[in-house]
Amino acid sequence: MATQGIEQPHAQQPSGRKPTDSSPLTPYIFMAPYLLLFLVFIVIPAVFGIWISLHNWDYLLPGKPWIGLQNYTDLLDANSSISGPFWNSMAATGKFTLYSVPLLVVIPLLVALILNQKIRGIQFFRALYFAPYVLGVAVIGILWRFMLDPNIGLINYYLGAKIPWITALPWAWISLVGVTVWWTLGFNAVIYLAGLQDIDPELYNAAKVDGANSWQRFLYVTMPGLRPVLLFVVTVTILASANMFGQSYIITQGAPGEETTTAIMYIAETGLRQFNMGAAAAMSYVLALALLLISIVNFAVFRNRGD
Amino acid sequence: MVEKRLTRRRFLGLGAGAGAGLLLAGCGGGSQNNPAVQASGGDGGKTYDGPKVELAFWNGFTGGDGPYMRQLVEQFSAEHKNINVSMNTVEWLDYYQKVPAAVRSGEGPDVGIMHADQLGTNAARGVVIPLDDVENALGFKESDFAPVVWKAGIYNNKRYGIPLDMHPLGFYYNKGTMEKAGLNPDKPPQTNDEYMAALEELKGKGIQGHWVSPFPFTGTLTFMSSLWQFGGDLYNEDTTKATFNSDAGVKALTWMVDLVQKGYSPKNVSQDAEYTAFQNGDNAFMWNGIWNINPFEEIDSLEWGATQLPQIGTEKGAWSGSHNFVIMQKRPLDPNKVNASKVFINWISQQSIAWAKAGQVPARKAVRESEEFQSLKWQPKFAEEIPYVHFIPPVPGIADVQPSTFDRAVNEAVLLKTDPKPALDAAASRADQLLEENRQKYQA
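Those protein sequences? They're chains A and B, same order as listed. Residue numbers for the first sequence, in my numbering: 66 to 372. Residue numbers for the second sequence, in my numbering: 56 to 499.
The shape of chain A in the complex, shown without the other chains (with noise of 0.2 Å):
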C-alpha cells in the first residue's frame, strides 16, 4: 500500500486521504528548525525589547528602575535628551531613503535589461556588476573616505576642484547615497535579471506580432511581468536604506554637525556606547513601527496597480 502511494499518490485523494498526513503534527516538526530559531533570536528579544524599552536599563547597573512608557514620551517631549537628536536621525534615515531607493529601483533595472542582451562577453559583465556588492562595508567605506576627501582625495585632485564631498551638504547626500548605488545596485540588477528572464519569450514574439515598438514591449511584457519583482526590490530596498549605518558611520562620521547620523548608529550609540538600552529599545520600536508602515502602504500600492 505504501508502493501505491507514491506511484500514485493522486489515486487516493478521492479516499480524503492526503499521503502526508500521518500525524497532524508533521508540518510543524518539519517547521520546528526554523520556529526555534525564528523564536530564540526574533520572538524572544522583540518581546524582551518591549520589556526592556519600559525600564531605565543598563545591564550592568543593579537598578533598573521601572519607568513605564517614560521611554517613549522623552521621544515626544522637545526638552529630553534623546528627543532631538533621535528625530534629527530618523529625518536623516528618511532622507536617504528618499534619495535612494529611487535611484535603487531604476538604475539596476536598467543595468538589467542591458545585462539581460545577448552580448558577447556578458557574464564578464554581469559579474562585473556585481563585485561592489561582495565587499563589506568597511572596505567600500574607507576606499570611498579616501577617494572622496576634499582636500587630498583622489576624485578632487583629478576635478581640480576642492568639492567637500563627505564634510558639507548637500554633498554628503550625494556622496552616501552615490556610493550606496555603485555598493548594492549588483543586488538589486540580479534579482530584475531572474525575474526578466522567467517573462516567457512567447510573449514579446506576441508583442511585436502585434505591432508593439521596444517601448511598448517594455510597457506592456516587462513591466507586467516583472511586477512581483518588482515589489521585492522595492520593499527590500526601503529596508535596507533604512537600516543605513556603516555608510555614514565610516564616510562622513554623521557629520557635518549630525547631518548625515542614521536612526540606526543614533540607536547603536545610545545602546551600546552610553547603554541607555531602554531608550535605544523604545527607538528601536518606533523605527520598526514607521518601517511597517511604510511597507504596508507599500504592497498596498502594488496590490491596487494589480487589480
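If you're looking for bench data, these hints aren't it; they were derived computationally from the structure. On a predicted model such as this, the values are computed, not experimentally measured, just so you know. Careful, some of the hints might be misleading.
Stated by the list, open to error - Below 20 Å or equal to it, Euclidean Cα-Cα: the simulated EDC-like pairs (lysine to aspartate or glutamate) are:
1. B:Lys306 with B:Asp474
2. A:Lys129 with B:Glu197
3. B:Lys153 with A:Asp139
4. B:Lys296 with B:Glu492
5. B:Lys235 with B:Glu249
6. A:Lys129 with B:Glu491
7. B:Lys496 with B:Asp337
8. A:Lys227 with B:Glu249
9. B:Lys206 with B:Glu249
10. B:Lys496 with A:Glu334
11. A:Lys227 with B:Asp327
12. B:Lys496 with A:Asp139
13. B:Lys107 with B:Glu134
14. B:Lys317 with B:Asp172
On the provided structure of chain A, position chain B as indicated by the hints.
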C-alpha cells in the same frame, strides 16, 4: 640605574607593604565589592607562589605600541613560571563596548587597560574592582606620580586604576615644509605671535600650515588644549555643569575657526586628512598625540620634529590621556588569578621605561627623571608638558557627554556651519542635561 632604583624601591616597599597588607586584612571585611580579593590573603602584587594560572590580558594597543606590550608580556611569562599571560587586542572604540559585555557574561579578561576617563564609568558599573591594596603594597604615593594622573584613578575614594603612562597632545612640525617657507626648522614657534607669524610666512609660499580638523581626532583635542590655555575648563569643579562655553572656550574655538577663515587651514578637512597632509609635506604644523612618534620615525622621507604645544592662550596647557591597569570583576573572583594579576601589573609598571619607548610618557616620576628616559629622542619633550596637562574628569558616564556636545560644537564651528559662541552655548546646555542624567543614573 633604573633597575637599581626600582630594586631599592621594591625592598623598601616590602616593609611598608607588609604593614599595609595587615591593615587591609583587618578592615577588609567592610568592602562589599571585592570580598574575594580581601579573603585571598595576597600581598597586593609583590609575589605570587600559588598554582600555575593563565591570565587573559586585554587592551586596545592596535597601533605601533602593540608589539612593545606583547614583548613585555612574553618577557613576563618567561620570567614567571607559574603565571602565563595571553594578550588580546581589541580596537579601543570597540573595547569599551566589548569588555563590559564580556565581564557581564563571565567571559571577561582578568587584567586590562583602561583610559583614565573611563575608570569612573567602569567602576560605577562594576566592571573593574578596587586596587587599593596594590597601591598600598607597592608603596605608591601621590608624589611618585603627576597629581593629575594619580587622582584620575580614584573613584568614590577607592583606587581602580594603576597608572601606566600618559599620552599628551604635542606639537609636530614638518621640517621640510618649514625650510621651504624660509622658516628655521630647528626653532619651532612656541608663542602665539611666533605661531601666527610662521603661518603667515607659510601662507605667503602657498602653504596652508595648520589644517584644523573638525573631528575629535585632532579637532576636539586641539580645542580642549587651547581652552585650557585660555584659562578655561570643560566642566566646573564637581563636574555638574559644563563650562566650555566660557569666554576662554569661545576664544579657543574662535582661534581655530580663524585659522580656517584666514586661510591658514583649508576648509572641510576630513578625518585624518591633516595627518596624511603632514606626512606628504602639504602642511607644516600638527597638534597630535605622542603616539605618532614611532610611526613617523619609520617614514624615512619625512623630516619632522616634535615638542611642546605652542602657547596660544594666556597660560600653558595640553590635553592628555592615560592608560591604567585594571583588574576585571568576575563572579566569583579567583583569588589566585587576582594575585597573579597584581604581580603582573606591578612588574609591567616597573618596566615602564621599555613601555616609554612605545611612544608614551611613563606615569612614574622616577622613570621620567631617569637618565634612560631623558636620553630618548622625543618622549622627554612631551614629558615637559606634564606639569600643565589636563585630563577629562573621570566621573561616570563622562565619555557619553562629549560626542553630542563639544565634539559637535567643534565640528559645526570648524566646518563654518555655526559661529563658535552659539555652537558652544547649545552644546553646554545639552551637556548640563546629560551630566544631570548621568548623576541620576549612576547614583541609582
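Here is how each hint holds up against the structure:
Distance hint between Lys306 of chain B and Asp474 of chain B is fulfilled; the C-alpha atoms sit about 12 Å from each other, no more than 20 Å. Only pairs whose Cα atoms come within 20 Å are accepted, and Lys129 of chain A paired with Glu197 of chain B is rejected, the gap being roughly 37 Å. Of the supplied pair hints, the one linking Lys153 of chain B and Asp139 of chain A is violated, its CA atoms being roughly 28 Å apart against a limit of 20 Å. About 12 Å separates the Cα atoms of Lys296 of chain B and Glu492 of chain B, which keeps this hinted pair within 20 Å; it holds.
In summary, the hint linking Lys235 of chain B to Glu249 of chain B is supported, as the alpha carbons are separated by about 17 Å, within the 20 Å threshold. For a cut-off of 20 Å, the pair hint linking Lys129 of chain A to Glu491 of chain B stands: about 17 Å separates their Cα positions. For the proposed pair Lys496 of chain B and Asp337 of chain B, the alpha carbon gap of about 47 Å is over 20 Å, so the pair is violated. Restraint check: the Cα-Cα separation between Lys227 of chain A and Glu249 of chain B comes to about 30 Å, which exceeds 20 Å; the hinted pair is violated.
With a C-alpha separation of about 35 Å, the suggested pair Lys206 of chain B and Glu249 of chain B falls outside the 20 Å cut-off, and the hint is violated. Of the pairs offered as hints, the one joining Lys496 of chain B and Glu334 of chain A holds, with about 17 Å between alpha carbons and a cut-off of 20 Å not exceeded. A hinted pair counts as satisfied when its Cα atoms are at most 20 Å apart, and Lys227 of chain A with Asp327 of chain B qualifies at roughly 17 Å. Of the pairs offered as hints, the one joining Lys496 of chain B and Asp139 of chain A holds, with about 16 Å between alpha carbons and a cut-off of 20 Å not exceeded.
Distance check on the hinted pair: Lys107 of chain B and Glu134 of chain B sit about 13 Å apart at the alpha-carbon level, within 20 Å; holds. With a C-alpha separation of about 35 Å, the suggested pairing of Lys317 of chain B with Asp172 of chain B is violated against the 20 Å cut-off.
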